[in-house]
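If you read the sequences in order, they're chains A and B.
Heads up, the first sequence is in our numbering, so the first residue is 245 and it goes up one at a time.
Heads up, the second sequence is in our numbering, so the first residue is 13 and it goes up one at a time.
Everything labelled a hint here was simulated from the structure, so no lab data went into it.
Treat the hints with care, since some could be wrong.
[What the hints assert, rightly or not] Computed beta-carbon distance windows for the label pairs: (1) B:Ala-360 <-> A:Pro-688: 36 to 46 Å; (2) B:Tyr-281 <-> A:Met-352: 13 to 23 Å; (3) A:Asp-648 <-> B:Gln-238: 55 to 65 Å.
[Claimed, not checked] If the Cβ cut is set under 10 Å, some of the chain B residues that face chain A in the computed set are: (4) Asp-393; (5) Glu-524; (6) Ala-578; (7) Ile-587; (8) Glu-591; (9) Lys-593.
Where is the CB? At the ideal position from N, CA and C, for every residue including glycine.
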Amino acid sequence: MHSIFDSEFQRQMTRRNFFGGLGLKLGGIALAQLGLSRLTTAQAATTGAHPPLPGLPHFQPRAKALIYLHMNGGPSQLDTFDYKPGLTDLFGKDLPPSIQGGQRLSTMTSGQKNFPVAPSKFSFQQHGQCGRWISSLLPHTARIVDDIAVIKTVHTNAINHDPACTFLFSGSEIPGRPSLGSWVSYGLGSGSENLPSFVVFTPKWPDGSNGQAIYSRLWNSGFLPGKYSGVAFRSEADPVLYLPNPSGVDQGDRRALLDTLGDLNRHRLERHHDPDTQNRIDQYEMAFRLQSSVPELTDLSKESKATLDLYGPDVNRPGSFAQSCLQARRLVERGVRTVQLFHRGWDSHSDLPKQLGNQCKDTDQGCAALVQDLKQRGLLGQTLVVWGGEFGRTVYSQGGLKRDNYGRDHHPRNFCMWMAGGGVKGGVSYGETDDYSYNVVEKPVHLNDLNATILHCLGINHERFGFKFQGLDQRLTGVEPCEIIKGILA
Amino acid sequence: MDDAFPAKAKVKSKGKAPVALVGDPEIKPASGGRALKRLAEGFGEDAYQGDAAPIVVPRNAIIQVMVRLSDTNLPKSVMLKFYSDGWKHRAVWGDAAAISEGIAGAPEPFSAGPLPKPGEWVKLEVPAGKIGLKAGDQITGFSFAQFGGLVYWDRLAVAGETSAADDPKLSFQAWQQVKGKSQTGVPKDIIPLLNAFPEKLTTEQTAKLREYFLINVCKTTQPTMQPLVGAIAAVEKEVKDFDGTLPSTYIMGEVPKPRQAHIMHRGAYDKPGQPVEPQTPAFLPPLPATVTNRATRLDLAKWIVSPENPLAARVAVNRFWQHFFGLGLVKTSSDFGSQGESPSHAEALDFLAVTFRESGWDMKQLITTLVTSQAYHQSSDTRDALLNQDPENRLLARSPRLRLNAEAIRDQALYVSDLLVEKMGGKAVRTYQPPNIWEPVGYIDSNTRKYKQDSGESLYRRSLYVFIKRTAPAPFLVNFDAPSREAFCSRRDRGNTPLQALQLLNDVQYFEAARAFAQRLLTKGGATPQERIAFGFQCAVNRAPDAQEAGRVLAMLKGFEEKYRAQPDLAKKVIAVGESKPDAALPPAELAAWTQVANLLLNLDETIVRP
């Protein structure tokens, strides 16, 4: 055996001691005799997946996973879900002040001399057994109306995109707070040993649509530990960054290196007993597994033709919304907890019929296919699907008004979202707006209510789910009182 | 007017044909290349009225025009009309009654003479005074009229005495009279001064206007001024360019009249409450009395560092402690208030805080104290019992093992591999980054929509200099818990994820650094594999490997050496990763095998964790 003192001395000659003085603690020698002990503190994830918080879920959840289809920019509710036939006769008439109710408009339209009512150019029909009115722009969603609950009265505080999206996903207009997906990861842990628990897609969107910027804070963990941040799967090149080995290096090489690395790290662990080192060994093993599980995940060749046809021809186009929807289903099948799709381009201030038409064409079939696909596989009951933007659009035209062309400005007071699966009742319409789709008349749903409901479906009581930061018990749903939308729950 | 109406002329014509300007061979004009032709049955006219330069009537003005009547189609009379505050100024030759238009309120046309001899060009003249035009009047329209017949007109002119006093190109006052309408190229800030009544201008405005006139308009001064203007412009550009090279920064200044501040109810910007003056929280020492009534930022700065105010030194010292020990003596390093935690070692904090302030806020001395302390010199080895008792090491029974932060991990890999370019300062750099990080988030017309990587030494600068796009920060930062800078961060997380592993193993920055590190091992690490492995450990973790470690690494090395000797093309690929060129003097197979060893060393837990 080699001289213990020699190696010990070497080991203690760390950078620390370079500063002068050799305050050696020879207690280190005793450790070598203790031997390795397997540590399993809350920090040492056994497989790289992280467990739920103790006590969570608070009650039996309906949904195990969340798929959030975010239509960024603010889809017009008047041209999609909020049917207002009475507006046709009001074409061009000024929005009555009693309806506007002194609301401050955005500077994009506040300078307009008049605010002419712009009825939707598109026709609406009733669909399904529930008789839901849906615009002709969404023929595929029209076929799943009996599976979805449409909420017409969602409302928000913010009138512009950045604060509105930040509020939608983090419960505050001020950046720095954890996103919804991070909260869910933190609370419920990960359901997959091989994949991240929170995945984000940023699919392509139609040329010519008015696309607003998005920001990585929408899937960031804020003041929660960084491992709960969403992992953005890229639509070009490899979905997960740094997944492939460098040129000339194969998996056999990697295995050899990881074996050596593991041995060396474990050898060191025997001395210092830091559980974080074991954690690191596990993360490297998880990385190795990701190198095979992710390509398997993104390989669509095993999907049946029927499934691919369901999503439409776009499903084969890399980076398309349809393909992202199919990937989302595959991810939740494999235990991923939250998948969010960010589809940009819904901010139709001008040229709305054409732009919104393109936006719907790009997404309608994918959304419907996702719900149907989950249903066919018996997954819809345990997967919560949410569709919507960050605010609605004005009934009055922004810019010039023609029967077949108009624009709409931002409108926070009411907009439409839909939810499906995971404890949500299908075929339901919740809430009513006034004749101008300008005000909520019945059953308002604030974004905090929406987030509380999402957490509820996942088995979390939003009032008992917080994180102490800056002296406050921080919650996704904030401090204002809010309610679960019982009317849409099965 | 000679060959054409003034530019932008609006010509209104009455008569059998539209306005026509004709020349040879139809008719030889009296002057220039063209003459105006008008054929009429009854009343005919070509009238011009417009905004171009008005004609200013000089003193003793005489109106002149060339006219040629057709001898086969004789008009009854011909008339010239001028617009100056109305079409009131008319001179007629021939039968005045025939051409009478009966303009309300206007004097009758002046009979200037009989019809001229037809068939040849005749010069007609009439004194301007006879048709009601006086010196200084501005003519903004004129018209050639006739009753019947075929008439040619040419060279309408006004002759008279001019003096410098009347010439807008010589007299400032005369130029002011003409106003802005006639001037082209007058800058936007001069036009309102020119259009105003001269008596209404302030002395500065008059001076400014006069200066413009002398430099740009006045015929006598302009030739001298213009070259000077050019010279001035050149020097001004030189000054501006030089100023541009000086680094500048924003500073705070006090406004002359301070704004009244209010308590804002619940922080809402539109709900002001009671007015307040600058002061400090009541539970802390007050601001010292000031000379002026209202406290300034300087007062605040002095208060922050005053001996009576313990807070700044305690917070600062605690942050340094946090940096070296992982957690501050006060764990809530951004909150020393009532919601924050008490210090774990209150006397130590007091001692360090007071010493720090008394040393003159000497950071280097503070850091020296911290890193030469017994607490810091402890081994970081621990055991289960200690861990269970004190998982966060608040009682400092050991030195902490802390993963390096994102910037240090990258800098270290570059430093160890001799790639680091230690140049200081300059513009931010764009290092290696996978594609499709910026593009999904940016505005379509953002100037940071598409990522364009730099080359050369910009790839190897310290991470401090890497450009940060906050809505899509660099992966090497995000993966290792660096904040996006959108919100404050007083203590970074030290996470442990598979994405970190993938990055350190596969990112071109790190794999290239591994190859460069391998080059260092081969050229400077000794002659034998054992020496080189020991050197590698020394570089990466500052110690020699023990026999077990060395043996393990050697075994891996041998495996790769065999592989690359058998497959040299793979070796070439491995060593070509990154923009820097591999050392051509080293055999590729050997370099590739050692690249794997270096990759291993740079991925050791011990390499990225402070021991």
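Consistency of the hints with the structure:
A beta carbon spacing of about 55 Å between Ala-360 (chain B) and Pro-688 (chain A) contradicts the range 36 to 46 Å that was offered as a hint. The supplied range of 13 to 23 Å is met by Tyr-281 (chain B) and Met-352 (chain A), whose beta-carbon atoms lie about 21 Å from each other. The hinted window of 55 to 65 Å between Asp-648 (chain A) and Gln-238 (chain B) holds, with their beta carbons roughly 58 Å apart. Checking Asp-393 (chain B) against chain A: minimum C-beta separation of about 4 Å stays under 10 Å; hint holds.
At about 9 Å, the closest approach between the beta carbon of Glu-524 (chain B) and any beta carbon in chain A falls short of 10 Å, and the interface hint on this residue holds. Checking Ala-578 (chain B) against chain A by beta carbon gives a least distance of about 13 Å; that is not within 10 Å, so the hint is violated. Satisfaction of the interface hint for Ile-587 (chain B) is found here, the shortest Cβ-Cβ separation to chain A being roughly 8 Å, below the 10 Å cut-off. The interface hint given for Glu-591 (chain B) is violated, since its Cβ lies 13 Å from the closest Cβ of chain A, which is over the 10 Å cut-off.
Given hint, Lys-593 (chain B) at the interface with chain A, is violated; its Cβ is 15 Å from that chain's nearest Cβ, farther than 10 Å.
Checked against the numbered hints above, the structure violates hints 1, 6, 8, 9; every other hint is satisfied.
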